[in-house]
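Taken in order, these protein sequences are the chains called Z, F, R and W.
In this text, residue positions in the first sequence follow my numbering: the first is 182, and each later residue adds one.
In this text, residue positions in the second sequence follow my numbering: the first is 182, and each later residue adds one.
In this text, residue positions in the third sequence follow my numbering: the first is 5, and each later residue adds one.
In this text, residue positions in the fourth sequence follow my numbering: the first is 5, and each later residue adds one.
Be careful, since some hints might not be right.
As a list, the in silico SDA-like pairs of lysine to any residue whose alpha-carbon atoms are at most 25 Å apart [claimed, not checked]:
no.: 1; chain 1: R; residue 1: Lys131; chain 2: Z; residue 2: Val195
no.: 2; chain 1: W; residue 1: Lys131; chain 2: R; residue 2: Glu106
no.: 3; chain 1: Z; residue 1: Lys256; chain 2: R; residue 2: Thr90
no.: 4; chain 1: Z; residue 1: Lys256; chain 2: R; residue 2: Phe45
no.: 5; chain 1: F; residue 1: Lys256; chain 2: W; residue 2: Arg49
no.: 6; chain 1: W; residue 1: Lys69; chain 2: F; residue 2: Asp249
no.: 7; chain 1: R; residue 1: Lys26; chain 2: W; residue 2: Thr91
no.: 8; chain 1: F; residue 1: Lys256; chain 2: W; residue 2: Lys131
no.: 9; chain 1: W; residue 1: Lys26; chain 2: R; residue 2: Gly95
no.: 10; chain 1: R; residue 1: Lys123; chain 2: W; residue 2: Asp113
no.: 11; chain 1: W; residue 1: Lys123; chain 2: R; residue 2: Ser29
no.: 12; chain 1: R; residue 1: Lys123; chain 2: W; residue 2: Ser6
no.: 13; chain 1: W; residue 1: Lys123; chain 2: R; residue 2: Gly79
no.: 14; chain 1: F; residue 1: Lys256; chain 2: R; residue 2: His107
no.: 15; chain 1: F; residue 1: Lys256; chain 2: W; residue 2: Lys30
no.: 16; chain 1: R; residue 1: Lys69; chain 2: R; residue 2: Asp82
no.: 17; chain 1: R; residue 1: Lys131; chain 2: Z; residue 2: Gly223
no.: 18; chain 1: Z; residue 1: Lys256; chain 2: R; residue 2: Ser29
no.: 19; chain 1: R; residue 1: Lys131; chain 2: Z; residue 2: Ile231
no.: 20; chain 1: F; residue 1: Lys184; chain 2: W; residue 2: Val89
no.: 21; chain 1: F; residue 1: Lys256; chain 2: W; residue 2: Ser29
no.: 22; chain 1: W; residue 1: Lys30; chain 2: R; residue 2: Val141
no.: 23; chain 1: R; residue 1: Lys30; chain 2: W; residue 2: Glu53
no.: 24; chain 1: F; residue 1: Lys241; chain 2: W; residue 2: Ser52
no.: 25; chain 1: F; residue 1: Lys256; chain 2: F; residue 2: Pro206
no.: 26; chain 1: R; residue 1: Lys26; chain 2: W; residue 2: Arg10
no.: 27; chain 1: W; residue 1: Lys26; chain 2: R; residue 2: Asp96
no.: 28; chain 1: R; residue 1: Lys131; chain 2: Z; residue 2: Pro222
no.: 29; chain 1: W; residue 1: Lys30; chain 2: R; residue 2: Asp15
no.: 30; chain 1: W; residue 1: Lys123; chain 2: F; residue 2: Glu203
no.: 31; chain 1: R; residue 1: Lys131; chain 2: Z; residue 2: Ala192
no.: 32; chain 1: W; residue 1: Lys30; chain 2: R; residue 2: Ala14
no.: 33; chain 1: Z; residue 1: Lys256; chain 2: R; residue 2: Asp19
no.: 34; chain 1: W; residue 1: Lys69; chain 2: F; residue 2: Val228
no.: 35; chain 1: W; residue 1: Lys26; chain 2: R; residue 2: Ser55
no.: 36; chain 1: F; residue 1: Lys256; chain 2: W; residue 2: Lys26
No wet-lab data here; the hints were simulated from the structure.
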Amino acid sequence: MIKVLFFGPVADRVQTREMQVEFAPGMTLHDVIAHIGMQYPGAFSIVSFIAVNQQQVHDKQTVLHDNDEIAFMAKFSGG
Amino acid sequence: MIKVLFFGPVADRVQTREMQVEFAPGMTLHDVIAHIGMQYPGAFSIVSFIAVNQQQVHDKQTVLHDNDEIAFMAKFSGG
Amino acid sequence: MSEPVRIQEADFSQDEEIAALKVSSKSIGGIATFLGCARDFSEGRDVSEISFEAYGSMALAEMQKLRSEAIDRFGLLDARIVHRVTTVRAGDNIVFIAAAAEHRAAAFDGCRWMIDELKQRVPIWKKEITPQGESWVTPHP
Amino acid sequence: MSEPVRIQEADFSQDEEIAALKVSSKSIGGIATFLGCARDFSEGRDVSEISFEAYGSMALAEMQKLRSEAIDRFGLLDARIVHRVTTVRAGDNIVFIAAAAEHRAAAFDGCRWMIDELKQRVPIWKKEITPQGESWVTPHP
Numbered sequence: 182m183i184k185v186l187f188f189g190p191v192a193d194r195v196q197t198r199e200m201q202v203e204f205a206p207g208m209t210l211h212d213v214i215a216h217i218g219m220q221y222p223g224a225f226s227i228v229s230f231i232a233v234n235q236q237q238v239h240d241k242q243t244v245l246h247d248n249d250e251i252a253f254m255a256k257f258s259g260g
Numbered sequence: 182m183i184k185v186l187f188f189g190p191v192a193d194r195v196q197t198r199e200m201q202v203e204f205a206p207g208m209t210l211h212d213v214i215a216h217i218g219m220q221y222p223g224a225f226s227i228v229s230f231i232a233v234n235q236q237q238v239h240d241k242q243t244v245l246h247d248n249d250e251i252a253f254m255a256k257f258s259g260g
Numbered sequence: 005m006s007e008p009v010r011i012q013e014a015d016f017s018q019d020e021e022i023a024a025l026k027v028s029s030k031s032i033g034g035i036a037t038f039l040g041c042a043r044d045f046s047e048g049r050d051v052s053e054i055s056f057e058a059y060g061s062m063a064l065a066e067m068q069k070l071r072s073e074a075i076d077r078f079g080l081l082d083a084r085i086v087h088r089v090t091t092v093r094a095g096d097n098i099v100f101i102a103a104a105a106e107h108r109a110a111a112f113d114g115c116r117w118m119i120d121e122l123k124q125r126v127p128i129w130k131k132e133i134t135p136q137g138e139s140w141v142t143p144h145p
Numbered sequence: 005m006s007e008p009v010r011i012q013e014a015d016f017s018q019d020e021e022i023a024a025l026k027v028s029s030k031s032i033g034g035i036a037t038f039l040g041c042a043r044d045f046s047e048g049r050d051v052s053e054i055s056f057e058a059y060g061s062m063a064l065a066e067m068q069k070l071r072s073e074a075i076d077r078f079g080l081l082d083a084r085i086v087h088r089v090t091t092v093r094a095g096d097n098i099v100f101i102a103a104a105a106e107h108r109a110a111a112f113d114g115c116r117w118m119i120d121e122l123k124q125r126v127p128i129w130k131k132e133i134t135p136q137g138e139s140w141v142t143p144h145p
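Pulled out of the complex, with its shape left as it was, chain Z reads as follows:
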């Protein structure tokens, strides 16, 4: 399973903070984005950063592993 996390403004638009996506060998970040982004286009329009296992990732071709944790995040506004 891939764990997908949402926070703050993105969580508000998706109306959940966490979902599970079935893992399949060879799956890329792009596959997850396509899968979830289609269901929540309004939420993904404000996604500015993506992290895999707490590390920012820029390459959507990144290959995922089972039990990875992905976070879709709006621009940070801490401090």
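For chain Z, the structure is supplied; the task is to place chains F, R and W on it using the hints.
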């Protein structure tokens, strides 16, 4: 009377913190410097700032008034 | 002794943070700090409360990296970063950054770099609660 | 409430100074502070104590001018300057500067300007007491 003050490194060289100089009408800052500087040339070599009544003064032709307070000061090293 | 990098609900004491910094070295000549607090207005609207949310594990890891990078980059003797994640009102503390160095230039540069970078890199979001409703803050570019 | 500009023998508390600053405005978004402390060495020599002397009346007047100028020049909401004049040991506090503003850039700029100017303009002198003897500090140009 003119009150003359010395602090820190200048006071150490003059070996006093305060002296009085007889006031005379028309007296300038230059007159006081000439009068005291002659007695303590070693102290005056480290004087970087002069204040009259707690205000820095750059013009040695400044005319003094009775009861003025003059300070001869080395470079500041606070903070 | 508290950890030098923390995310917490509770308020913090600058005196305690400074005391903890000082323990690390007797060579500290200057400590620059930045304290971010909640203001009572934002872009012309009254703000009654500000609520924070964080991606806790990633935020803490980023703050720890930030501290190490600042120490290396500016030759700091020590540094601390504390961010509250809770709901605050006007005047309340939000974030504290401290940079200790032998001389003041490095302390100021390091402190300012850390708060600038924190805002760019640490996954925390703030929501302003006003009499007219709530809204997530969109940072300026 | 203590005065915002002071010369004193006693130590001070950053928490108390910050609390006093915050009373002045609910619009404060950032407070930058600088704390100068005594180091245990200076240019390669061990320093056991540092002793300060001030031209008190002029130093206080200059510090008050400095605060007013900083508030005007950087649009600060408030500022505080406290300088100890006493004998301190390694780790002890010497000077505290705080600048409060709506946004952090002004707070940092104002704080840094005040400590830079203080060193230039305020008649205070420090003497280092080392195992080899005492000497007045000659500031770098």
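Cross-check of the supplied hints:
1. Our distance criterion of 25 Å between C-alpha atoms is met by Lys131 (chain R) and Val195 (chain Z), whose separation comes to about 17 Å.
2. Straight-line distance between C-alpha atoms of Lys131 (chain W) and Glu106 (chain R) comes to about 18 Å, which keeps the hinted pair within the 25 Å bound.
3. Using a Cα cut-off of 25 Å, the hinted pair Lys256 (chain Z) and Thr90 (chain R) holds, with the two alpha carbons roughly 19 Å apart.
4. In summary, the hint linking Lys256 (chain Z) to Phe45 (chain R) is supported, as the alpha carbons are separated by about 21 Å, within the 25 Å threshold.
5. Straight-line distance between C-alpha atoms of Lys256 (chain F) and Arg49 (chain W) comes to about 21 Å, which keeps the hinted pair within the 25 Å bound.
6. Proximity of Lys69 (chain W) to Asp249 (chain F) is assessed by CA-CA distance (about 21 Å); at most 25 Å being required, the pair is judged to hold.
7. Proposed proximity of Lys26 (chain R) and Thr91 (chain W) is supported: the alpha carbons are some 19 Å apart, at most 25 Å.
8. Proposed proximity of Lys256 (chain F) and Lys131 (chain W) is supported: the alpha carbons are some 13 Å apart, at most 25 Å.
9. The hinted pair formed by Lys26 (chain W) and Gly95 (chain R) meets the criterion: a straight-line CA distance of about 7 Å does not exceed 25 Å.
10. The straight-line distance between the Cα atoms of Lys123 (chain R) and Asp113 (chain W) is roughly 18 Å, inside the 25 Å bound, and the hint therefore holds.
11. For the hint pairing Lys123 (chain W) with Ser29 (chain R), the CA-to-CA distance comes to about 24 Å; that is within 25 Å, so the pair holds.
12. Of the supplied pair hints, the one linking Lys123 (chain R) and Ser6 (chain W) is violated, its CA atoms being roughly 34 Å apart against a limit of 25 Å.
13. Taking the CA atoms of Lys123 (chain W) and Gly79 (chain R), the gap is about 23 Å. The hint holds against a cut of 25 Å.
14. Restraint check: the Cα-Cα separation between Lys256 (chain F) and His107 (chain R) comes to about 19 Å, which is no more than 25 Å; the hinted pair holds.
15. The straight-line distance between the Cα atoms of Lys256 (chain F) and Lys30 (chain W) is roughly 40 Å, outside the 25 Å bound, and the hint therefore fails.
16. Between Lys69 (chain R) and Asp82 (chain R) the alpha-carbon distance is near 13 Å, which keeps this suggested pair within the 25 Å criterion.
17. Straight-line distance between C-alpha atoms of Lys131 (chain R) and Gly223 (chain Z) comes to about 19 Å, which keeps the hinted pair within the 25 Å bound.
18. This hinted pair does not check out: Lys256 (chain Z) and Ser29 (chain R) have alpha carbons roughly 37 Å apart, beyond 25 Å.
19. A hinted pair counts as satisfied when its Cα atoms are at most 25 Å apart, and Lys131 (chain R) with Ile231 (chain Z) qualifies at roughly 20 Å.
20. About 23 Å separates the Cα atoms of Lys184 (chain F) and Val89 (chain W), which keeps this hinted pair within 25 Å; it holds.
21. Restraint check: the Cα-Cα separation between Lys256 (chain F) and Ser29 (chain W) comes to about 37 Å, which exceeds 25 Å; the hinted pair is violated.
22. A threshold of 25 Å between alpha carbons decides the hint, and for Lys30 (chain W) with Val141 (chain R) the separation of about 19 Å falls inside it, so the pair holds.
23. With a C-alpha separation of about 13 Å, the suggested pairing of Lys30 (chain R) with Glu53 (chain W) holds against the 25 Å cut-off.
24. Restraint check: the Cα-Cα separation between Lys241 (chain F) and Ser52 (chain W) comes to about 40 Å, which exceeds 25 Å; the hinted pair is violated.
25. Taking the CA atoms of Lys256 (chain F) and Pro206 (chain F), the gap is near 31 Å; set against the 25 Å cutoff, the hint is violated.
26. As the CA atoms of Lys26 (chain R) and Arg10 (chain W) are separated by approximately 24 Å, the hinted pair is consistent with the 25 Å bound.
27. Restraint check for Lys26 (chain W) and Asp96 (chain R): satisfied, since their Cα atoms lie roughly 9 Å apart, inside the 25 Å limit.
28. As the CA atoms of Lys131 (chain R) and Pro222 (chain Z) are separated by approximately 22 Å, the hinted pair is consistent with the 25 Å bound.
29. A C-alpha spacing of about 18 Å is found between Lys30 (chain W) and Asp15 (chain R), which places the hinted pair at or below 25 Å, so the restraint holds.
30. Under the criterion of a C-alpha separation no larger than 25 Å, the hint pairing Lys123 (chain W) with Glu203 (chain F) is inconsistent with the structure, at around 34 Å.
31. Simply put, Lys131 (chain R) and Ala192 (chain Z) have alpha-carbon atoms about 13 Å apart, close enough for the 25 Å limit, and the pair holds.
32. Distance hint between Lys30 (chain W) and Ala14 (chain R) is fulfilled; the C-alpha atoms sit about 20 Å from each other, no more than 25 Å.
33. At most 25 Å may separate the alpha-carbon atoms for a hinted pair to count; Lys256 (chain Z) and Asp19 (chain R) exceed this at roughly 32 Å.
34. Our distance criterion of 25 Å between C-alpha atoms is met by Lys69 (chain W) and Val228 (chain F), whose separation comes to about 23 Å.
35. Of the supplied pair hints, the one linking Lys26 (chain W) and Ser55 (chain R) holds, its CA atoms being roughly 20 Å apart against a limit of 25 Å.
36. Between Lys256 (chain F) and Lys26 (chain W), the direct Cα distance comes to roughly 35 Å. Violation of the 25 Å bound is thereby established for this hinted pair.
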